[in-house]
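A.B. asks: Listed below, chain by chain, are the residues.
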Amino acid sequence: MNGDKHHDLFSELIAQHQSELYAYIFAIVRNWQDADDLFQDVCMVLWRKFETFRPGSSFFSWARQTAKLEVRNFLRRKKSSTYVNEQVLDVLAEMPIDARDDETKHYLAALRRCGKKLVSTDKQMLVFYYVENLGSRQIADRLDRPQSSVCNSLKRIHRWLLECVEKELKREEYLGGERND
Amino acid sequence: MTDPPNNADRVLVLAESIFDNTAAEKELAELDEVLLSDAGSRKRYTDYCRLQVALRIELRAQHAAGNVHRRIGIETAAAPLADFDGSGDGAPFSAPLIHPTRGYFKKASSGIIGYFSQELPLSLLIASAIMGMAILLAGHIEVTHRQIAERSSPSPSGVEPTLVYVGRITGIAGVKWSEDPNYIPPISVGVALGRKYKLKSGLLKITYDSGANVILEGPCSYEVDSTAGGYLALGKLTARIGERGEGRGERGGKAEGGKMKDEGGRPNAASLATSYQPLATNPSPLSPPPSPLFTVRTPSAVVTDLGTEFGVEVTANGDTTSYVFQGMVVVQAGILGVGDAGMRDSDKRPATAVAGGESEQLVTLSAGESVRVGRECETHEEPDVGAMVRFTHPTATPQFARRIVEPPIFLDLLDIVAGGNGTGNRRECGIDPSTGIQHRLFSPRHRFGSGQFSPVTWHQLIDGVFVPDGSAGAVEVDSAKHAFDGFPQTNKMVYGSIWARATKVIQPDFVQDVELWIYAIGNAEHFAPERRGVLALCPNAGITFNLETMRKNYPEVRPIRFRAVAGMADARPLYPGADGLAEIWIMIDGRLKFHRENIRPTNAPISVDVSLASGDQYLTIVATDGGNGCACDWIVFGDPVLEMGSNDQDASNLSLRENSKEGK
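Chains A and B, in that order, are what the protein sequence lines are.
Sequential numbering from 0 applies to the first sequence in the working numbering.
Sequential numbering from 395 applies to the second sequence in the working numbering.
These are calculated hints, taken from the structure and not from any lab test.
Fair warning: this is a prediction, and the values are worked out from it, not measured in the lab.
Ideal placement from N, C-alpha and C gives every residue a C-beta, glycine not left out.
One thing to keep in mind: the hints can contain errors.
[Stated by the list, open to error] In the SDA-like style, the derived pairs of lysine to any residue whose C-alpha atoms are separated by at most 20 Å in a straight line are:
#: 1; chain 1: A; residue 1: 154; chain 2: B; residue 2: 863
#: 2; chain 1: A; residue 1: 77; chain 2: B; residue 2: 426
#: 3; chain 1: B; residue 1: 898; chain 2: B; residue 2: 910
#: 4; chain 1: A; residue 1: 67; chain 2: B; residue 2: 1003
#: 5; chain 1: B; residue 1: 875; chain 2: B; residue 2: 863
#: 6; chain 1: A; residue 1: 78; chain 2: B; residue 2: 416
#: 7; chain 1: A; residue 1: 154; chain 2: B; residue 2: 411
#: 8; chain 1: A; residue 1: 67; chain 2: A; residue 2: 57
[Unchecked claim] Pair by pair, the computed Cβ-Cβ distance ranges are:
#: 9; chain 1: A; residue 1: 166; chain 2: B; residue 2: 966; range: 54 to 60 Å
#: 10; chain 1: B; residue 1: 898; chain 2: A; residue 2: 47; range: 18 to 24 Å
#: 11; chain 1: B; residue 1: 919; chain 2: A; residue 2: 147; range: 43 to 49 Å
Next comes chain A alone, as it looks inside the complex (with noise of 0.2 Å):
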């Protein structure tokens, strides 16, 4: 493969998958800002080691052993008490990857379709807290709430979207079962 079409098919899968990848970082240091540098470390070596990435296999999976070097390195250079620790790292690591895991497609699609199903109000919250990155306080300022009531209501929104999203991929596995008998 010449270095374009290595380059090409890197970033291809480096964007089909970042969501999963991105995640798994994001469970183990559990906090944006060293999540953001830690999977630019983490995609940096993957680049560097992509040639032995054998295309065909799960690439999530090679990634993610890949990539659990070098976020055990991240983990003992920061040294954070909100980071896992490392045992919880390993077996995060080793958590089998379920075929619905591997399509960022299908998940996104199904979080757009709980999405839609939220009150304008709960959408503005979520755009406050992850698109202004503003804290609880902040978001009850703008909107004039106590705190307590708008960390009441993230933690209500993140809940139903997780069932929604989990009862809308079952009913598209079972939809796509149906299609492909």
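With chain A held as given, fit chain B onto it using these hints.
C.D. replies: Coordinates of chain B only, in the frame set by chain A:
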């Protein structure tokens, strides 16, 4: 009375408290414990994390997409990011909005915008992913490393700027940023219009999409403000434009064969003034007009490429010195007008009042020539429009960094054993373990060791070799006379060469020749998962590498760990009665760091991972027989590398690990 929450619910409660920043140590520990003990909780936790990440990516992508619309004059009826407003599953914003703009997006082929030119809904899925990727890979640098990625025009709160990439970072050497010395930017990160790079020290290479290469030399401050140039506020840079004109824009320079007209040894001022506008910067990041010539703007001058390589230096008071290595440049004098200081404005047009009159505004420099543009009267006050500047010729030749020699990430021990410096891919060469003489062919015979350490004089990175035998006491393992007294008694005999072999056997005929055991073992991919190759170390043999010389060769980095996959290749298919049994040893300066005994061909490959400290001098790798002679003890070290890291990397964090799940 309510039921106690099950683990899956509990894990959510704990996770929420962590993401809320309200978790106590006790809750952190509890979450780790739950995650370790319960697979269902792990699934719940990772699902929750994935949801948050997907929301972040999706909402930001929609937000950025909404901004693209607004930037080109299409207002959405409602803020798309606030509504999850896709008309279809794949669309984060309504489909009709995309079609009128499709042609425009196709034209804007660079950067993330081009992805929107494709059909929905897949296009928008990809757009979302790429948008998110761009935000994470590039945009987030603004958040977490704002100091190196300041924008010349700060965006309104909550509005993601659209990034237009004009090149990439292609080289880094010892870079320290002015405001975050610990941040190391990854190579290949995109360089967007408006990015400002403030280096405290070190070298940073930017390769423009046009092909032009700029090496920034810290301390400096450089802003990428066009597709073919930038604004150097302070410090030094070297710009190298392709010899055939690569690196210049589409118009002007190329149209004229890459050279400007020259009148009387001086470029045609009219053509400089009329054929392009080097001083203009692009006000719209969505439609950067191609600049015809590569141009570096400074507070006191505009330096325009007419040739292939030049350097520019700006001092703290704004004086500009230009030097030409190859080809020609035009230096146009001028100083910032009132209100232009601070590099914030898109208009960095210098005033062009020059001592001596208009005819002396331009100076053309050829290879080996330099000129300084300085203020007529140096004061601490900002100069007025029309203030005078003058040209002077420096008495000493300015010094510029013209190349970046990037330190290696790995040193490949196979390359070193085969005669290379560790950064190449040499194979199929070796060393006589009893004498240290270089072998060009694998030597299929037995040798007896002298009992002495044999220095390798033909390679500075290999200290020497030896045949270990513990029957006479401690064995010298390096030229510093570090000795190790733990080796077992051996038969003092070694078979074959210490040999660097490629993963794939390139001489198929050798596979059937059992005397050439290193080829008879086949491709041995299980010992070389990275496909680098295998190092043959049939007992009884030891080889020592010189870490200190490696540090001298690459002063910006040092070996931080030795990694390999070790094991015994199986001789039984060729020798049914083979009874291979051996031991492997890894030592630093004579101190044992890794040891594995009773290695048989039935064992799984062993992952060897030994950390190296900054003061370590010698790395020694040894294989000894297991007490039954060295016959068929086909020990190999696959993919043997020295991982290189920065000098300030904390080696104490890199604990000695025997990463050998299978081997235990």
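A.B. asks: All hints are to be evaluated individually against the structure, with a verdict given for each.
C.D. replies: Now the hints, each set against the structure:
1. Taking the CA atoms of residue 154(A) and residue 863(B), the gap is about 67 Å. The hint is violated against a cut of 20 Å.
2. For the hint linking residue 77(A) to residue 426(B), the alpha-carbon distance of about 18 Å falls within 20 Å, and the restraint holds.
3. About 15 Å separates the Cα atoms of residue 898(B) and residue 910(B), which keeps this hinted pair within 20 Å; it holds.
4. For the hint pairing residue 67(A) with residue 1003(B), the CA-to-CA distance comes to about 14 Å; that is within 20 Å, so the pair holds.
5. Proposed proximity of residue 875(B) and residue 863(B) is supported: the alpha carbons are some 16 Å apart, at most 20 Å.
6. Restraint check: the Cα-Cα separation between residue 78(A) and residue 416(B) comes to about 19 Å, which is no more than 20 Å; the hinted pair holds.
7. Note on residue 154(A) and residue 411(B): the hinted pairing holds, with a Cα-Cα distance of about 10 Å set against a maximum of 20 Å.
8. Note on residue 67(A) and residue 57(A): the hinted pairing holds, with a Cα-Cα distance of about 16 Å set against a maximum of 20 Å.
9. Evaluation of the 54 to 60 Å hint for residue 166(A) and residue 966(B) yields a pass: the beta carbon distance comes to about 56 Å.
10. A beta carbon spacing of about 21 Å between residue 898(B) and residue 47(A) agrees with the range 18 to 24 Å that was offered as a hint.
11. Distance hint for residue 919(B) and residue 147(A): a CB-CB separation of about 59 Å, inconsistent with the stated range 43 to 49 Å.
Violated hints, listed in ascending order, are 1 and 11; each of the other numbered hints is respected by the structure.
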